[in-house]
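Protein sequences appear in the order of chains A, B and C. Just so we're aligned: 285 in our numbering is position 234 of the first sequence, and the numbers increase by one with no gaps anywhere. Just so we're aligned: 61 in our numbering is position 5 of the second sequence, and the numbers increase by one with no gaps anywhere. Just so we're aligned: 367 in our numbering is position 360 of the third sequence, and the numbers increase by one with no gaps anywhere.
Certain hints may be false.
The calculated lysine to aspartate or glutamate pairs, modelled on DMTMM-like cross-linking and capped at a C-alpha distance of 25 angstroms, are [stated by the list, open to error]:
id: 1; chain 1: C; residue 1: Lys-64; chain 2: B; residue 2: Asp-172
id: 2; chain 1: B; residue 1: Lys-95; chain 2: C; residue 2: Asp-25
id: 3; chain 1: A; residue 1: Lys-157; chain 2: B; residue 2: Glu-137
id: 4; chain 1: A; residue 1: Lys-133; chain 2: B; residue 2: Asp-244
id: 5; chain 1: B; residue 1: Lys-129; chain 2: A; residue 2: Glu-139
id: 6; chain 1: B; residue 1: Lys-129; chain 2: A; residue 2: Asp-95
id: 7; chain 1: C; residue 1: Lys-69; chain 2: B; residue 2: Glu-175
id: 8; chain 1: C; residue 1: Lys-143; chain 2: B; residue 2: Asp-244
id: 9; chain 1: B; residue 1: Lys-129; chain 2: A; residue 2: Glu-296
id: 10; chain 1: A; residue 1: Lys-157; chain 2: B; residue 2: Glu-175
id: 11; chain 1: B; residue 1: Lys-95; chain 2: C; residue 2: Glu-63
id: 12; chain 1: A; residue 1: Lys-133; chain 2: B; residue 2: Asp-123
id: 13; chain 1: A; residue 1: Lys-133; chain 2: B; residue 2: Glu-144
id: 14; chain 1: C; residue 1: Lys-64; chain 2: B; residue 2: Glu-175
id: 15; chain 1: C; residue 1: Lys-371; chain 2: C; residue 2: Glu-270
id: 16; chain 1: C; residue 1: Lys-83; chain 2: B; residue 2: Glu-144
If you are wondering where the hints come from, they were derived from the structure by calculation, not from laboratory data. All values reported here derive from a predicted model rather than from experimental measurement.
Residue strings, one per chain:
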Amino acid sequence: MSCYNAISPDFPDSNYTALMFRKLLTLLLLLFSLSGSLQALASDSPLVAVASGMQFAMREIADSFHQDTGIELRLTLGASGKLFRQIENNAPFELFIAADDSLVQKLEQLQHVRAPGVVIARGRLAVFAAQGSPLQVDAELRGLASALDANQVTKFAIANPAHAPYGQRAREALQAAGLWTRIKDRLVIGENVAQATQFAISGAAQGGIIAHSMLMSDKTSNRGQYALLPESWHQPILHSMVLLENSDEATMKFFHYLQSAKAQQTLSRYGFTPAL
Amino acid sequence: MDWGAFNLSLQLAFYTVLLLMPIAMLTARWLVIQPARRKAIIEALLTIPLILPPTVMGFFLLVSMNDTHALGKIWRSLFDESLVFSFEGLLLASIIVNIPFAIQPALRAFEGISSDMREAAATCGMSRWRTFRRIEFPLAWSGILTGGVLTFAHTLGEFGVVLMVGGNIPGETRTISIAIYDQVQSFDNASAGLMAGVLLAISVFAISITFLLTRKPLIRIRA
Amino acid sequence: MAEPGPLTRGIEVAIRLDNPVSLDVEFKVSDKELVALVGPSGGGKSTILRAIGGFEKPTAGKISVGAQQWFDGQQKLFVQPRHRRVGMVFQSYALFPHLSALENVLEAISERPKKADRIELANEYLARVNLKGLGKRRPDQMSGGQQQRVAVARALAREPDVLLLDEPFSAVDKVTRIRLQRELVDLRSDLSIPIILVTHDIEEAARLADRIAVLHEGRILQMATHEVLSKSPVNTDVARLVGIRNIFSSRVARIDNEQHSLELQWGNSLLEMPYRNGLAIGQTVTWCIPSDGIVVHRRNRPSRGEHENPVFGTVNEVFHFGQTTELTIEVDDPDAHPLHCSVPTHVAERNEIGVGADLGVSLKADMIHIMDSADAS
Numbered sequence: 052m053s054c055y056n057a058i059s060p061d062f063p064d065s066n067y068t069a070l071m072f073r074k075l076l077t078l079l080l081l082l083f084s085l086s087g088s089l090q091a092l093a094s095d096s097p098l099v100a101v102a103s104g105m106q107f108a109m110r111e112i113a114d115s116f117h118q119d120t121g122i123e124l125r126l127t128l129g130a131s132g133k134l135f136r137q138i139e140n141n142a143p144f145e146l147f148i149a150a151d152d153s154l155v156q157k158l159e160q161l162q163h164v165r166a167p168g169v170v171i172a173r174g175r176l177a178v179f180a181a182q183g184s185p186l187q188v189d190a191e192l193r194g195l196a197s198a199l200d201a202n203q204v205t206k207f208a209i210a211n212p213a214h215a216p217y218g219q220r221a222r223e224a225l226q227a228a229g230l231w232t233r234i235k236d237r238l239v240i241g242e243n244v245a246q247a248t249q250f251a252i253s254g255a256a257q258g259g260i261i262a263h264s265m266l267m268s269d270k271t272s273n274r275g276q277y278a279l280l281p282e283s284w285h286q287p288i289l290h291s292m293v294l295l296e297n298s299d300e301a302t303m304k305f306f307h308y309l310q311s312a313k314a315q316q317t318l319s320r321y322g323f324t325p326a327l
Numbered sequence: 057m058d059w060g061a062f063n064l065s066l067q068l069a070f071y072t073v074l075l076l077m078p079i080a081m082l083t084a085r086w087l088v089i090q091p092a093r094r095k096a097i098i099e100a101l102l103t104i105p106l107i108l109p110p111t112v113m114g115f116f117l118l119v120s121m122n123d124t125h126a127l128g129k130i131w132r133s134l135f136d137e138s139l140v141f142s143f144e145g146l147l148l149a150s151i152i153v154n155i156p157f158a159i160q161p162a163l164r165a166f167e168g169i170s171s172d173m174r175e176a177a178a179t180c181g182m183s184r185w186r187t188f189r190r191i192e193f194p195l196a197w198s199g200i201l202t203g204g205v206l207t208f209a210h211t212l213g214e215f216g217v218v219l220m221v222g223g224n225i226p227g228e229t230r231t232i233s234i235a236i237y238d239q240v241q242s243f244d245n246a247s248a249g250l251m252a253g254v255l256l257a258i259s260v261f262a263i264s265i266t267f268l269l270t271r272k273p274l275i276r277i278r279a
Numbered sequence: 008m009a010e011p012g013p014l015t016r017g018i019e020v021a022i023r024l025d026n027p028v029s030l031d032v033e034f035k036v037s038d039k040e041l042v043a044l045v046g047p048s049g050g051g052k053s054t055i056l057r058a059i060g061g062f063e064k065p066t067a068g069k070i071s072v073g074a075q076q077w078f079d080g081q082q083k084l085f086v087q088p089r090h091r092r093v094g095m096v097f098q099s100y101a102l103f104p105h106l107s108a109l110e111n112v113l114e115a116i117s118e119r120p121k122k123a124d125r126i127e128l129a130n131e132y133l134a135r136v137n138l139k140g141l142g143k144r145r146p147d148q149m150s151g152g153q154q155q156r157v158a159v160a161r162a163l164a165r166e167p168d169v170l171l172l173d174e175p176f177s178a179v180d181k182v183t184r185i186r187l188q189r190e191l192v193d194l195r196s197d198l199s200i201p202i203i204l205v206t207h208d209i210e211e212a213a214r215l216a217d218r219i220a221v222l223h224e225g226r227i228l229q230m231a232t233h234e235v236l237s238k239s240p241v242n243t244d245v246a247r248l249v250g251i252r253n254i255f256s257s258r259v260a261r262i263d264n265e266q267h268s269l270e271l272q273w274g275n276s277l278l279e280m281p282y283r284n285g286l287a288i289g290q291t292v293t294w295c296i297p298s299d300g301i302v303v304h305r306r307n308r309p310s311r312g313e314h315e316n317p318v319f320g321t322v323n324e325v326f327h328f329g330q331t332t333e334l335t336i337e338v339d340d341p342d343a344h345p346l347h348c349s350v351p352t353h354v355a356e357r358n359e360i361g362v363g364a365d366l367g368v369s370l371k372a373d374m375i376h377i378m379d380s381a382d383a384s
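Just chain A, with the same shape it has in the complex:
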């Protein structure tokens, strides 16, 4: 009788439990110090919210900015609509680069901004099919139409029209081509245009309508075929940037840097039409 179960050995005197506990603690402290020393970013470097479609171009521009000025930037990528809502809710971003000028205008009206926004580039839509996909791509989306008829396309990727400008434009383009009603039940919605690109490139979807700029990186080029869609099929994709309320000197420097010729050249290399 009197079986006591579920007890640990003496605590905290020397024994197995305490030993392991001490080892654990040491390991933890080691990890902390290691990662702490490797942490590169100061948490007061400029915080920039960037539309997903511009990630490759922006990274490169940020790198050259760092080289030229020594200032490091912190980039947060996302669908422009989502970033907009976060800024509305006082997210601590200092600069917002959106894929939709109307969002910047809204922020101006809500007076979250420090100075008026500036349009820096225009983007293009591309229809894309990964290697091995049965979809044939062309600028009139005739290949898509026949692939739909032949039931060869069961999943087609676009960014989320609710949050992402590229998604809204893709819908407009599909409507203009008269394919929207046929295709809307087969859509795979990416949270932002980067995720939509992922779906298309990986073959999870047989194809997609994404940002042209997403295909200009060496990480994504040569993964399939693409064709640019006519700009008349959708509203212009105006990339606009605006300084937000808590922006500082360094951010302003970047704001101006983006308007320099060097930056504009980088943008055009990634498929954007520079606006300035």
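Since chain A is already given, all that's left is putting chains B and C on it; use the hints.
Chains B and C alone, transformed into the frame defined by chain A:
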């Protein structure tokens, strides 16, 4: 490999454990002596974060931490900063979300202590605090520790709530799981894979430690 | 070692309870007295101890030790267990499994400010229960008997006003039990507090207790020495609980006022017994006689003079329990019930007492006890 995100995750996990464990321990101890029905109700309430989808939790937290709502307002008046999109906001969310992980094992451990022990302590004239410190705490230690390790590991991997409440601010709320998500969307599978591997290794380590430490010898008393 | 404490003037308990069992008891235990609470399981014995300890709250009543009030239902007074100086030995011993024997005893010692003094005192208590040198051992490294001693040492180290023992010997083997009982008797010489022992073993109670309280369904049926309980149980419940099996009912046949005797009609026999008050001829009474009130006649020998209340019958059952043989005898009588008695085994063998053998016995007149009558005490 995003060391900043890694460090942030470790800090978040560490502080969550540090702040949550004492609360969890005392709550568990209090719960054990409650009448059965009250205990059942409270235990169910405390288990809600476990069952609720992280996005729902995140939603409720986001709304209440907003500048326009109670919590957010108080925070702003105290620190002149937004609670949302901050490490502190994340910490608060993390503590709430981890309540079941911290409390359940501790509660089971305290329940496993027969009431004989408390009564014997009373007959020895021990105060309630001394009884807790000298008798109940050591006897429940393995359960408490399990709760701590589970909380730590769970916080490291927490994604949904962080995404909703944190906003992916590098150096502030970009934890390792968010960083992995980010890198995948940036077509940087190599980085993502490395970080995922590290996270996996830590999780396995944490679970192994838990099992090792709670290997309980059955004490047999020769009669 | 602490001197035997000041006399507290005993403990008085008068309580009523509804949960977990229905209880209504009233008794006193004096200083230096050991009272055993005996009765079947579930009768409330442990509950009484727990109420004295403060772990059950009675619905009404009083518990006081000397001048101290521990519980008073009317004044709504309830002293918390840790503020009552109670030495309690739990049935499971309730030793702290992660602490050594010394540390267990130390937890009960609070009066000395210096740690070294406390340790010295704790070691003295351990020595007093014959555990000298075993202080560093943990409960799982000790035998059942050793654990019990630690529990006793810890209870005594509290310098309690009353010592409560809840079936302290039930978990050990017989040899250890005897030894522990002896040690308890020895310890008593140093103690001047009341001691209450709960046990289901009437023989153990007989060996250890000054008085025994027989508990049945939450009520004390009778509280007296073992001798009184065996000779004069107050009713059949007590008689049975004390182990008396010969319980019968009979009519009063004759009352002889001059000779101070009366006779009961038991089947075909007339049993003579000392006179007692309050009975009328023709009245039916319940009576009993313990096993040792029955003397077995030697068989096949000429009878040597008059036997008291001779009764004749046939042996029905024979149980050899080592040195003692227990018999059940069917009395030659359609009405009479079986008689239980015992003889030493060698006697049974020498007299060839086996099943079916005829046998005569005598019922000692002064051991016949009438119960359930008007002035039963």
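Evaluation of the provided hints:
1. C/Lys-64 - B/Asp-172: holds, 17 angstroms
2. B/Lys-95 - C/Asp-25: holds, 24 angstroms
3. A/Lys-157 - B/Glu-137: Measuring from Cα to Cα gives roughly 23 angstroms; hence the hint holds.
4. A/Lys-133 - B/Asp-244: holds, 22 angstroms
5. B/Lys-129 - A/Glu-139: holds, 16 angstroms
6. B/Lys-129 - A/Asp-95: Holds - the C-alpha atoms of A/Asp-95 and B/Lys-129 are around 24 angstroms apart, at most 25 angstroms.
7. C/Lys-69 - B/Glu-175: holds, 21 angstroms
8. C/Lys-143 - B/Asp-244: violated, 61 angstroms
9. B/Lys-129 - A/Glu-296: holds, 19 angstroms
10. A/Lys-157 - B/Glu-175: Cα-Cα ~68 angstroms, so violated.
11. B/Lys-95 - C/Glu-63: Roughly 21 angstroms separates the two Cα atoms, so the pair holds.
12. A/Lys-133 - B/Asp-123: Distance of about 18 angstroms is within 25 angstroms: holds.
13. A/Lys-133 - B/Glu-144: Given that 25 angstroms is the threshold and the Cα spacing comes to 22 angstroms, the pair holds.
14. C/Lys-64 - B/Glu-175: Status holds; Cα separation ~14 angstroms.
15. C/Lys-371 - C/Glu-270: holds, 13 angstroms
16. C/Lys-83 - B/Glu-144: violated, 50 angstroms
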